[in-house]
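This is what each chain is made of:
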Amino acid sequence: MCGIVGLFCKSPRIEPRLGEYLSAMLVQMDDRGPDSAGVAVYRTPAPAGWSKLTLYSHDPCMAWDVLWGELAEAFGGVEALDGRARHVVALVEGEVQEIDTWIRRRRPDLRVMSAGSVIEIYKDVGRPRLFAETVGLGDFRGSHGLGHTRMATESRVTTEGSHPFSTGQDVCLVHNGSLSNHNRLRASLRREGMVFQTENDTEVAAAYLTWRLREGATLEQALEGCLSDLDGFYTFLVGTADGFAVLRDPIACKPAVVAETDDWVAMASEYRAIAVLPGAADARIWEPEPSVVYTWEKALV
Amino acid sequence: MAVETTTEVELVDLAASPLRDLNRRLHELAGSDSRPDRWRVVNTNGAHAVACGLDAPIEVEVAGHVGYYCAGMNQRATVRISGNAGTGVAENMMSGTVIVGGNVSQSAGASGRGGLLVVHGDAGARCGISMKGVDIVVRGSIGHLSAFMAQRGTLVVCGDAGEALGDSIYETHIYVRGRVAGLGADCVEKEFRAHHRAELHSLLERGGFDDVDPSGFRRYGSARTLYNFKIDNAGAY
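Protein chains in written order, with this note's numbering: chain V, 369 to 669; chain Y, 3 to 239.
Watch out, some of these pointers could steer you wrong.
What follows is a set of in silico ranges between Cβ atoms, one per label pair, in the way DEER data are often shown [what the hints assert, rightly or not]:
| no. | chain 1 | residue 1 | chain 2 | residue 2 | range |
| --- | --- | --- | --- | --- | --- |
| 1 | V | Trp-654 | Y | Leu-228 | 41 to 49 angstroms |
| 2 | Y | Arg-42 | V | Pro-384 | 53 to 61 angstroms |
| 3 | V | Met-519 | Y | Ala-200 | 47 to 55 angstroms |
| 4 | Y | Asp-35 | V | Lys-666 | 53 to 61 angstroms |
| 5 | Y | Glu-12 | V | Trp-654 | 28 to 36 angstroms |
| 6 | Y | Pro-38 | V | Trp-654 | 52 to 60 angstroms |
| 7 | Y | Gly-180 | V | Thr-521 | 31 to 39 angstroms |
To list a few chain V residues with every Cβ distance to chain Y over 10 angstroms, as calculated [stated by the list, open to error]:
| no. | residue |
| --- | --- |
| 8 | Pro-413 |
| 9 | Arg-475 |
| 10 | Leu-478 |
| 11 | Leu-553 |
What the hints contain is simulated information worked out from the structure, not anything from laboratory work.
Glycine included, each C-beta is placed from N, C-alpha and C at the ideal position.
With the hints as extra help, turn the sequences into a complete structure.
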């Protein structure tokens, strides 16, 4: 069991309260996943020519200024935006892939939680209720966000094994379920050059999506590929720069509820996570069909 | 003033009092004089196990959406849910009636042994899985793997049915008006005889679907090639 939540603001008047609503949704799913929690929030785009990264250090005394100096030397402008619970969001002048690669190579002690221009990812072990407080999730403004509460079944409870998993620039994945062919798929993705930090099954699904997107697939094509290439149970929620996507496996035993009003679209494992949103009682509510890719994007909604 | 007490409604606000208190009070009605016999529950907000394990001839009106296992293991009570219900509504019901105004999630009426489940919206996957005598009437459509290993009782669907309907079915009767995406192993379309029409008509009536024409339905059931059906035991079903 795990819990998934996602909130997409259709109306700009919801955006100032994105974090407050997302936090309330996440807390409702606390008992579905008491091991770890995480969120991806889409907010404050980086200026043109700059990239935005969320970095994590296990070391509470991490000397971030040293890193900023090294990055400035290598790339140009650097601005640290926000620090929460050992996560720091930084703007760096340059191409995101190059910066990401540079950090992973030069600073293996750090974790690049997210890379892109709008995404920020925060995740850690511990009760989701506590996580929401520690990160100060309630403060976030933004266009959309998603979250996860984890009850680990396949691998260790670590910060790296928490969701969301970054799957490329501004894209991330959260998962309820378990994959049974992840070892073999991990081996074949390694041959494609993908790098793994954990023994986690969801990280393999994330790497699979990253690989497919890198090879030129659209998000819809990459998700449809999951139906034939992934074996196991999954309800996936994928965050993108413009919105989010939902996919359930053909058996669809892992729950998913979608609700929509004029102001927002929400997805969650259970309705009680949606019930905290304004107007939820009168929302249009339905369950996503198995094997069908659903997407919501700013331009479309 | 006994007449007056039966028309009074006991209001329970789940935003103000714990769910366990509600269920405990409802359970205490079993074996008592079952008063109050009319209840109204508000502010459910998707809570799990609302009005579970009832065993009294009472009426419970649940205003709003509920989570998992609402009205599970029901005996004798009538539970009306105005909104949607999550996984396993009325699961393992023994008797009584459960009526849902909205949609229900997967495993509605699972393993039910008796009573009636009425769904005014759609039902998700595995509706009536392993049903053992409960009657289920759905105004909308049902999801995949419904009536899997269904043993007794009747499933009536006014809309469509998903993939693998009635997989490994025993002796449950299935009636579907709309399109069936696919039949499961050993489930076949069967002859629609006069007594089936009467059974269907009676169920639509009990479900309150008087406007639904029974003539548009098709009947599905077991081909009896997967399990050891002996005609001598036909009376057991």
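Evaluation of the provided hints:
At roughly 34 angstroms, the beta-carbon separation of Trp-654(V) and Leu-228(Y) lies outside the given 41 to 49 angstroms, and the hint is violated. Between Arg-42(Y) and Pro-384(V) the Cβ separation comes to about 37 angstroms, which falls outside the hinted range of 53 to 61 angstroms. Separated by about 49 angstroms at the C-beta atoms, Met-519(V) and Ala-200(Y) satisfy the suggested range of 47 to 55 angstroms. Distance hint for Asp-35(Y) and Lys-666(V): a CB-CB separation of about 60 angstroms, consistent with the stated range 53 to 61 angstroms.
For the pair Glu-12(Y) and Trp-654(V), the supplied restraint of 28 to 36 angstroms holds, since their beta-carbon distance comes to about 33 angstroms. Look at Pro-38(Y) against Trp-654(V): about 35 angstroms separates their beta carbons, and that is not inside 52 to 60 angstroms. The given range of 31 to 39 angstroms is respected by Gly-180(Y) and Thr-521(V), whose C-beta atoms sit roughly 38 angstroms from each other. Under the 10 angstroms C-beta cut-off, the non-interface status given to Pro-413(V) relative to chain Y holds; the minimum distance is some 34 angstroms.
The Cβ of Arg-475(V) lies farther than 10 angstroms from every Cβ of chain Y, with a closest approach of about 44 angstroms, so its non-interface assignment holds. For Leu-478(V), the requirement that its beta carbon stay farther than 10 angstroms from each beta carbon of chain Y is met, with the minimum near 39 angstroms. Consistency note on Leu-553(V): stated as away from chain Y, and its beta-carbon is indeed over 10 angstroms from all of that chain's, at 25 angstroms minimum.
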